[in-house]
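Participant: Construct all of the structure, not just a fragment, from the sequences and the given hints.
Just so you know, the sequences run in chain order A and B.
Using the working numbering, you'd call the opening residue of the first sequence number 1 and step up by one each time.
Using the working numbering, you'd call the opening residue of the second sequence number 198 and step up by one each time.
Treat the hints as calculated values from the structure; they're not laboratory data.
Hints should not be assumed to be uniformly reliable.
Stated by the list, open to error - Residues from chain B shown here face chain A by an in silico Cβ test under 7 Å; the list is partial:
#1 Gly247
#2 Val251
#3 Val280
#4 Ala285
#5 Gly326
To be verified - The following label-pair restraints were derived from C-beta to C-beta distances:
#6 Glu7(A) / Leu314(B): 54 to 60 Å
#7 Arg254(B) / Asp187(A): 35 to 41 Å
#8 Met173(A) / Asp216(B): 41 to 47 Å
#9 Gln200(B) / Gly75(A): 43 to 49 Å
#10 Gly276(B) / Gly188(A): 26 to 32 Å
#11 Glu242(B) / Met191(A): 46 to 52 Å
#12 Leu8(A) / Pro252(B): 24 to 30 Å
#13 Pro103(A) / Asp216(B): 35 to 41 Å
#14 Ala30(A) / Thr310(B): 24 to 30 Å
#15 Asp210(B) / Arg6(A): 43 to 49 Å
Predicted model, so just to flag it, every value in this text is computed and none were measured.
Don't be surprised by glycine CBs; every beta carbon is placed ideally from N, CA and C.
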Amino acid sequence: MFEELRELGFVVITVAFERTADDAREWIDAASPSHPSLIDTTWAIADLYHVENVPTVFWIDEEGLIVRPQDVAFGSNMFQDFTGVDAEVHKTALRRWVRGETPALDRDAVDRHLRVPTEADQLARAEFGLGRWLWEQGRAELARAHFQRAEELAPNLWTCWRGSMRMQDEDPMGELFFEKMTAYRGDGGVMARVIAE
Amino acid sequence: MVQMSLLSLIRGDGVSAIDARVSGGRVLIEPAVLETAVGWHRRPEGLCRGEVCVPVRDAAAIDGPDGTVDLVGVADLLGRPLVVDAEAKAAYLGEAALDRAAMLRSQVAPEFTLPDLAGRQHSLSEHRGKKVFFVAWASW
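Facilitator: Take a look at the structure:
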């Protein structure tokens, strides 16, 4: 998608939160990307970067500084009706930044938009982490209680509650997902938090 | 002597099998285990790692019988979440919300190393000098 920007000193790095590399293999092979496409089987990046839902994107500058914190961007408008996000807006802004036509967000704006975890978020991540490890050990029945506790503690962490659905033999695109999503949004929860500047 | 059995202690960066006694809401371990598995030392002045010490105001919440320390009290003092599953004989020690927040507030993108599908390791720092579009996604 951004091949034309490569010579300008630009790189795309993707990280997928998956039970195993094989869960993402089909998708990555189909896209056959030339950029690093990484697999995170412990959700380490979700913890490190406080990723609440997917997709979440960051812009990182030449010095390794975050110049656009957690934002939402899609490759196409395939799910626009569902997400309410126009993919072209972010793509245009990204191209302009890479070409040096417009600066990224300044420090104050980054700070304003940056999302940081609460204690409940981190406790939920610990519950999820224990559940994920137990699942990996073949102890799915013991894992379930921890996944449920994570969901109760932090319904905002889609990376935990939705990310654990396959490990609970549930369909992350099935009826239960839509039920939960509708309930969460009904309570005022946000699915895609877009930075509007 | 405090009777101990094996407990799997999981952190973001790995798992260690430690000797522990899980009972009454406490996880009692030897101070040496606290050092090797968690990286903190129980010293008279408090809980220390390198030059950094956190004062222990309530010693009873940290210290157990026979020179043991309580991992639950330690996690609490450090603001780190600890989830214990006595039946599974496993515990997960997470990262403090305050530490995570401070790291992000510094605006320095946290370093990481992860494999691609071929098993090759990649680090964020390899791309210093370039603009990076970093995407977290999932097949689900």
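Participant: Taking 7 Å as the limit, does the beta-carbon of Gly326(B) come near enough to a beta-carbon in chain A?
Facilitator: 5 Å, holds
Participant: A range of 24 to 30 Å was offered for this pair. Does it hold for the Cβ distance of Ala30(A) and Thr310(B)?
Facilitator: 26 Å, holds
Participant: Note whether the CB distance of Glu242(B) and Met191(A) lies within 46 to 52 Å or breaks it.
Facilitator: 48 Å, holds
Participant: Okay, Pro103(A) versus Asp216(B) on CB: inside 35 to 41 Å?
Facilitator: Given range 35 to 41 Å: violated, Cβ gap about 55 Å.
Participant: Should the interface hint for Ala285(B) be scored as holding, given a Cβ-Cβ cut-off of 7 Å against chain A?
Facilitator: 5 Å, holds
Participant: Taking 54 to 60 Å as the hint, is the beta-carbon distance of Glu7(A) and Leu314(B) inside that range?
Facilitator: At 26 Å between Cβs, range violated.
Participant: Look at the Cβ atoms of Met173(A) and Asp216(B) and judge whether their distance stays inside 41 to 47 Å.
Facilitator: For Met173(A) and Asp216(B) the Cβ distance comes to about 44 Å; the hint holds.
Participant: Quick check on the hint: Val251(B) CB to chain A CB, less than 7 Å?
Facilitator: Because about 17 Å separates Val251(B) from the closest Cβ in chain A, which is outside the 7 Å limit, the hint is violated.
Participant: Could you tell me whether the CB distance from Gln200(B) to Gly75(A) stays inside 43 to 49 Å?
Facilitator: 57 Å, violated
Participant: Falls inside 43 to 49 Å, the C-beta gap from Asp210(B) to Arg6(A)?
Facilitator: 32 Å, violated
Participant: Hint check: is the beta carbon of Gly247(B) less than 7 Å from a beta carbon of chain A?
Facilitator: 21 Å, violated
Participant: A range of 24 to 30 Å was offered for this pair. Does it hold for the Cβ distance of Leu8(A) and Pro252(B)?
Facilitator: 51 Å, violated
Checked against the numbered hints given earlier, this structure breaks hints 1, 2, 6, 9, 12, 13, 15; the rest are met.
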